[in-house]
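Take any residue in the sequence shown, count from 1 to its spot, add 43: that is its number in our numbering.
For the record, the hints were derived by calculation from the structure and aren't laboratory data.
A couple of the hints might just be wrong.
Cβ pair distances, simulated, as ranges [as the list claims (entries may be wrong)]:
id, residue 1, residue 2, range
1, E180, R238, 26 to 32 Å
2, V254, L172, 43 to 49 Å
3, P207, L152, 42 to 48 Å
4, A110, I248, 16 to 22 Å
For each residue, glycine too, the CB sits at the ideal point set by N, CA and C.
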Amino acid sequence: MTQTAAPAVTLTPDQAFDALYAFAAPALVRQAYLLTGRRELARESVERAFQQAWQRWPEVAVDRDPAGWVRAAAYEYAMSPWHRLRPSHRHPEVPPATPDDRLLLSVLLDLPPAYRRTLVLHDGLGLGLPETAAETEASTPATANRLLHAREAVTERIPELADPTELARRLAELGSAERLRAAAEPDTVRTGSERRARRWTRAAIALTVLVIGSTAITLRTAPDHYEAPLVPGSGVRGVPPRPAPGPLSKEDVKLRTKLRSLPGAGPERIRPQVR
44 MTQTAAPAVT
54 LTPDQAFDAL
64 YAFAAPALVR
74 QAYLLTGRRE
84 LARESVERAF
94 QQAWQRWPEV
104 AVDRDPAGWV
114 RAAAYEYAMS
124 PWHRLRPSHR
134 HPEVPPATPD
144 DRLLLSVLLD
154 LPPAYRRTLV
164 LHDGLGLGLP
174 ETAAETEAST
184 PATANRLLHA
194 REAVTERIPE
204 LADPTELARR
214 LAELGSAERL
224 RAAAEPDTVR
234 TGSERRARRW
244 TRAAIALTVL
254 VIGSTAITLR
264 TAPDHYEAPL
274 VPGSGVRGVP
284 PRPAPGPLSK
294 EDVKLRTKLR
304 SLPGAGPERI
314 RPQVR
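Please put together the full structure from these sequences, using the hints given.
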């Protein structure tokens with residue numbers, strides 16, 4: 044008697060997204076907290092990363108590591124330098140409860156962003172050096188150099204964490220000890236992603252219409268040929284005025300009177316005679 048294989052369970056896109064969210068979101072919130080030291084920013088970074096994943100779900104669904112895709116997006120958003128300009132970042136975050144956790148978090152936040160991300164990925168998350176290099180978009184030697192400098196900076200202030208195993212344990216404890224507010228429900232994230240995509244679509248359409256309208260108005264009102272600018276007039280100096288006839292003298296008046304009194308043919312001295 045032969046046994047037939049059970050049919051493979053096919054998940055809908057919503058179900059696959061929800062499963063990925065339930066699997067990766069809680070850990071990502073803790074990792075983002077180690078990168079930023081801010082609880083709300085950590086939660087927001089994870090939600091925004093999953094919103095991006097839902098917008099590009101056909102690409103994420105076939106990725107060889109969907110959780111890694113979302114993790115990279117969350118890290119990029121969490122470590123964006125533009126967050127420093129937000130009003131909420133002008134107020135200090137409530138520090139961790141224990142002095143050891145406060146010191147470790149302070150050391151992490153004092154690291155350069157690239158070193159901090161490398162340390163969290165390699166020692167905190169347990170990725171290998173090639174995988175860490177690929178996720179941080181750096182070469183393997185550069186990633187190893189960042190990791191060594193990050194460990195040296197941590198050991199300089201906390202000598203008992205010179206052992207990478209102990210450092211990994213403390214990083215895990217720091218992320219787990221904080222009472223981080225969980226990210227929103229997956230259906231809320233999907234709805235927010237779709238709403239955000241619609242807003243961006245409407246904004247793009249409005250911008251396109253504005254550009255087309257501005258171009259049409261410019262083409263209609265712009266001159267179609269070159270018109271030389273009018274040169275402002277200026278007075279001419281140093282040129283003598285044109286001479287004009289003055290009043291007739293007495294001799295000129297007599298001559299004019301005599302000429303007018305003669306016949307129309309003129310005086311005899313200038314009239315031709317027919318012989």
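Structure-based check of all given hints:
A C-beta distance of roughly 31 Å is found between E180 and R238, which places it inside the suggested range of 26 to 32 Å. A C-beta distance of roughly 48 Å is found between V254 and L172, which places it inside the suggested range of 43 to 49 Å. Between P207 and L152, the C-beta spacing of about 20 Å breaks the proposed range 42 to 48 Å. A hinted range of 16 to 22 Å for the beta carbons of A110 and I248 is inconsistent with their spacing of about 34 Å.
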